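Peer 1: Residue-level listing of the chains:
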Amino acid sequence: MKDDSVKHPQAAAEFLKDRAQAKWHDSAIWWVRQKRDAQAKQLPEWEELRRLAREIKAHTLSQLDDYLAQFEANAQKNGVTVHWAADADEHNRIVHGILAAKQVKKLVKSKSMLTEECGLNPYLEQHGIEVVDTDLGERIVQLRHEAPSHIVMPAIHLKKEQISELFHKELGTEAGNNDPTYLTHAARANLREHFLTADAGLTGVNFAIAETGGVVVCTNEGNADLGTSLPPIHIASMGLEKIIPKLEHLGVFTRLLARSAIGSPVTTYTSHFHQARPGGEMHIVIVDNGRSEILGNEDFYQSLRCIRCGACMNTCPVYRRSSGFSYSYIIPGPIGSTLGPSRDMKKHGSMAFACSTCGSCSNVCPVKINLHEQLVLHRKKAFDQNLLPAGKKMGLLAMRFLTQHPALFDLGGKVMRKVVPIIPESLTRHSAWSRAGRDVPPMPSQSFKELYQQRSKDKKDKEGQQ
Amino acid sequence: MKIGLFIPCFINELFPHVAMATLELLESLGCEVEFPMEQSCCGQPLANNGDSKGACDAARRFTDVFQRYDYVVAPSGSCVSHVTHHYDWYIAEDSAYQQLKPKVYEIIEFLQDVLKLEKLPKPVYFPHKVSIHQSCHGLRELHHASPSELMMPYHSRLESILKLVDGVEVLLPERRDECCGFGGTFCVDEPELSTAMGEDRIAQHEATGAEYIVGADPSCLMHMGGIIRHQGKTIRPLHIVEILTGRGAGA
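From first to last, the protein sequence lines are chains A and B.
Just so you know, we're using this note's numbering here: the first sequence kicks off at 1 and counts up by one.
Just so you know, we're using this note's numbering here: the second sequence kicks off at 1 and counts up by one.
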């Protein structure tokens, strides 16, 4: 499980102690951003697709209740059982209820950030059900008892050597064999066993289509397909924002999703599920868990347009240099830094400040969420709820006062310029400005205001003499 | 045409030479420029830390001080973008602000869009290699250049204005517009991360072989300059107006 007590600045500083690892992490993820650029460049209509995707999602969110009801009715017509969960607990109880009714002992799961959000794995394990994650990256972090560090590439924080070591311990692979193909085959053989012996499969949902009542799951490994084809029970868990109105809208999103996420023109498998296979059961669990509240918030409702592509993480210079574990919420990076504080400002407030407001995230977002602005809007809430560190708040209040009193502001500046140069370096070295290796700027003897006054006076004197 | 010179607070205290270069450049192009002494901070640090009241008061003050001018010009993309792109969060209903907003320009925008500058007031010879630093707010809010994330035709204000300078060789770093890590109070909230970002950015500028990192935002240049001095590197941050006035050559 994720440590949700981490504070970003400290965790990032810790991560950066190993600069070589941090540089590798940055480059590995930047490479995905570059692949995304290369794919996007090939579509002359890229920006038009983003605009369309934004509008389809905005339209859907504006009538979400109607579309959800339509989706439910159509899914039920297909023979699917639809469940509604107000929160994470209810989601977990519903899933457990379905499994317990059929004495399920083992559940295979394809990747689902929603079940991470709900803490489904530990809940089911406490109730005696074995849960096996079948996405390779997700399986790796499950074996390490870790949370995913990225929503699309859950094990991106690990090098192949670390995975080799893990597989040697957990799956009995050869010690020191770091060959990715060898390791993948070993994981596949192990997962096959689980697929064949599982009693039920659970998938996430990328898109739920109101008009058909069907759900669409995008994977690159085909694990969702095996996990739903072999066991007789398929449970699909979805956040209530996953709805799109019609099948004809899907193409806009599938064209954007894989290109934005991993720089591929398409995901290897785009699977449509409409009904249970003969003799089986299909359930869809629609989860709110705080989403309605976000939908009702003028500043943050846009975050519900998210299609979980992870492009904002890949472009974020802060995420790439601090890794997913520096963020307290289960979803890291820019989108997590608006969703987390929306969920719990006290717990996840530090995420809203883990941002230089560069705005690159808002530009890569395929549904054009104003991500960097949302973080600043969350800071308003943090300030109003008195969650800023006391020293920082005092500094801001002083700044607020000085801004309205320019003469005092200028005096403060003058004192700074005179005093800083005579402070011994041994003292400034530990300041927040300098402690990581940044010298204080040289202090000019005169401010521009002083120079300007002098200049105006000289000009006048000169005119007087003439 | 009367121009109100907006000199952001930290430029006033720490980079008076950049402010002076801006003033002289405008005057030498025949502009009537006034520097209102009662100006102070535009309120961006307050806004970015969630202090709505402070940000709102600062926005009103800015409007009061500058509404009497035909144009307002400043040598900082970030502060200008706060005024033109974020004051609406605080004082959208203020009609004086709405009248002022379209008259507020970053200096390079002003030279190119209002003055339609085709040649510099005096010829400048700057026989140096410079690496362009696109500052984030200038880039993604003021559209100084086409951001690398957006699929659109390439343009760059800084590159085109440097075409007016003789001898200069313009280079672009790898990852042409990644953030340098300054980020306002972010730089002291997360000093380790901010400095790491700066180090990476400087290394990319250095790798071009440039002698100068040239940008239009003194805050980014201040941050990178601090790291450069700490590490004793030879590359130098330089504000673009210093080149355009011909002062940069001696720097």
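Because the hints were derived from the structure by calculation, they are not lab data.
None of these values were measured; they are calculated from a predicted model.
Even glycine gets a Cβ: it sits at the ideal position worked out from N, Cα and C.
Errors might be hidden in some of the hints.
[As the list claims (entries may be wrong)] Away from chain B, derived, C-beta distances all over 12 Å, residues of chain A:
{"#": "1", "residue": "D26"}
{"#": "2", "residue": "L49"}
{"#": "3", "residue": "H83"}
{"#": "4", "residue": "K169"}
{"#": "5", "residue": "A186"}
{"#": "6", "residue": "G251"}
{"#": "7", "residue": "T254"}
{"#": "8", "residue": "A311"}
{"#": "9", "residue": "N363"}
{"#": "10", "residue": "L396"}
{"#": "11", "residue": "A436"}
{"#": "12", "residue": "Q453"}
[Unchecked claim] Cβ-to-Cβ under 10 Å is the rule here; a few derived chain B residues that face chain A:
{"#": "13", "residue": "M1"}
{"#": "14", "residue": "S40"}
{"#": "15", "residue": "L117"}
Peer 1: Compare the structure with each hint and give your call.
Peer 2: Each hint, compared with the structure:
For A:D26, the shortest C-beta to C-beta distance to chain B comes to about 7 Å, within the 12 Å cut-off, and the non-interface label is violated. Once the 12 Å rule is applied to beta carbons, A:L49 is inconsistent with being away from chain B; the minimum gap is 10 Å. Distance to chain B confirms A:H83 as a non-interface residue, since its nearest Cβ pair spans about 39 Å, more than 12 Å. Every Cβ of chain B is farther than 12 Å from the Cβ of A:K169; the closest lies at roughly 32 Å, confirming the non-interface assignment.
The Cβ of A:A186 sits about 36 Å from the closest Cβ of chain B, beyond the 12 Å cut-off, so the non-interface label holds. With a closest Cβ-Cβ approach of about 18 Å to chain B, A:G251 is found to remain outside the 12 Å limit, as its non-interface label requires. For A:T254, the condition that its CB be more than 12 Å from all CB atoms of chain B holds, with the nearest at approximately 18 Å. Its beta-carbon lying about 9 Å from the closest one in chain B, A:A311 breaks the requirement of being farther than 12 Å from that chain.
With a least beta-carbon separation of about 4 Å from chain B, A:N363 fails to lie farther than 12 Å from that chain, contradicting its non-interface assignment. Distance check on A:L396: its Cβ comes as close as 5 Å (rounded) to a Cβ of chain B, failing to clear the 12 Å threshold; non-interface status is violated. With a least beta-carbon separation of about 4 Å from chain B, A:A436 fails to lie farther than 12 Å from that chain, contradicting its non-interface assignment. A cut-off of 12 Å between C-beta atoms contradicts the statement that A:Q453 is not in contact with chain B; the least separation is 8 Å.
Against a cut-off of 10 Å between C-beta atoms, the interface hint on B:M1 is violated, since the closest Cβ of chain A lies about 20 Å away. Interface hint at B:S40: satisfied, since its Cβ lies 4 Å from the closest Cβ of chain A, which is below the 10 Å cut-off. Because the smallest distance between the Cβ of B:L117 and any Cβ of chain A comes to about 23 Å, over 10 Å, the interface hint for this residue is violated.
Violation of the numbered hints given earlier is confined to hints 1, 2, 8, 9, 10, 11, 12, 13 and 15; the remaining hints are satisfied by the structure.
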